[in-house]
Amino acid sequence: MTAEKKANMACVEKSKLVNSLFLIVNFIIWILGVALMVIGVIDRIIAQYLIKDSEYVFNATNLLIAIGVIVTSLGLLGCFAAYMKVRYLLTVYGLLLLLIFVLEVLTGVYTYSKRDSVQHNVFQYIYNGTKTGYAGRDEKSMKLTHDIDWFQENLQCCGMHGPADWQNATWYANLEKPRNESVPLSCCKPPRKHGCNAHIEDHPEMVFEVGCSERGKEYFMRKVSIIGGLIVFSSVSGVAGAVLAFLLCMVFQKDVKAVDYAPINSR
Numbered sequence: 000m001t002a003e004k005k006a007n008m009a010c011v012e013k014s015k016l017v018n019s020l021f022l023i024v025n026f027i028i029w030i031l032g033v034a035l036m037v038i039g040v041i042d043r044i045i046a047q048y049l050i051k052d053s054e055y056v057f058n059a060t061n062l063l064i065a066i067g068v069i070v071t072s073l074g075l076l077g078c079f080a081a082y083m084k085v086r087y088l089l090t091v092y093g094l095l096l097l098l099i100f101v102l103e104v105l106t107g108v109y110t111y112s113k114r115d116s117v118q119h120n121v122f123q124y125i126y127n128g129t130k131t132g133y134a135g136r137d138e139k140s141m142k143l144t145h146d147i148d149w150f151q152e153n154l155q156c157c158g159m160h161g162p163a164d165w166q167n168a169t170w171y172a173n174l175e176k177p178r179n180e181s182v183p184l185s186c187c188k189p190p191r192k193h194g195c196n197a198h199i200e201d202h203p204e205m206v207f208e209v210g211c212s213e214r215g216k217e218y219f220m221r222k223v224s225i226i227g228g229l230i231v232f233s234s235v236s237g238v239a240g241a242v243l244a245f246l247l248c249m250v251f252q253k254d255v256k257a258v259d260y261a262p263i264n265s266r
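First residue of the sequence shown: 0, per numbering that gives the first Met the number 0; consecutive thereafter.
Watch out, some of these pointers could steer you wrong.
As the list claims (entries may be wrong) - As a list, the in silico DSBU-like pairs of lysine-lysine whose alpha-carbon atoms are at most 35 Å apart:
1) Lys142 / Lys216
2) Lys222 / Lys113
3) Lys84 / Lys142
4) Lys192 / Lys222
5) Lys139 / Lys192
Claimed, not checked - What follows is a set of in silico ranges between Cβ atoms, one per label pair, in the way DEER data are often shown:
6) Lys188 / Val68: 52 to 58 Å
7) Asn127 / Met83: 54 to 60 Å
8) Thr169 / Trp149: 18 to 24 Å
9) Lys84 / Val223: 39 to 45 Å
10) Thr169 / Val231: 41 to 47 Å
11) Asn127 / Val238: 41 to 47 Å
12) Tyr109 / Val235: 18 to 24 Å
Simulated from the structure, these hints should not be mistaken for lab results. Note that the coordinates shown come from a computational prediction; the quantities given were computed from them, not determined experimentally. For every residue, glycine included, the Cβ atom is placed at its ideal position computed from N, Cα and C.
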């Protein structure tokens, strides 16, 4: 075998290696895009329930959804460009990934900078609802009751600072005394038993003892950490994908003869 043929075969092997790495990274990018899109949709739905003024959350979730959709689409474009060996599509793919990297960084900074405002709005909404609006008959109060129950059940908390907060609520003052309920039913630990929210001083272990303020902070920090981690991982993968796309484009451009030679030599 001549030196020229050996060099050509080495170029073909290099092209295959870069192509394989590109497809692996591209698949990871596609998965991360789907994850960002799903988290954005879920957080937007939750925000509609829990935050009266959700401008900050809606802006952040809209960015997450948009980035998720674009990254997912780019993943498919990257696979097609690599399979068909279309160099200009690989170049476009790499440039768009770098643009997405910038958008992801901006989204992460925006989300982190507004975390205190979002948290304050949610807590204020829950606190005001706990004090005056819970179990009301009008449409606004019914929605607020649903939101507070959702918050307490899913975050496993009771009241803003603990079950005792409910004794200062309008709901507690308006209770029919024979019912003897100390807290709403949503404060009860699963599985709920009849009377679990009545006379809780006799069985405090049957209700959530932690306040929603503490659990809410943990919830938001967990959300910010998950989103931040996904954005960082997606950004790193995006930059790696862009570098591999440009490298693969150069390999395809320089080694056209070697690629054409490979199937002939393998016969």
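- Task: Go through the numbered hints given earlier and state which of them the structure violates, listing their numbers in rising order.
- Result: Of the numbered hints, 3 and 6 do not hold.
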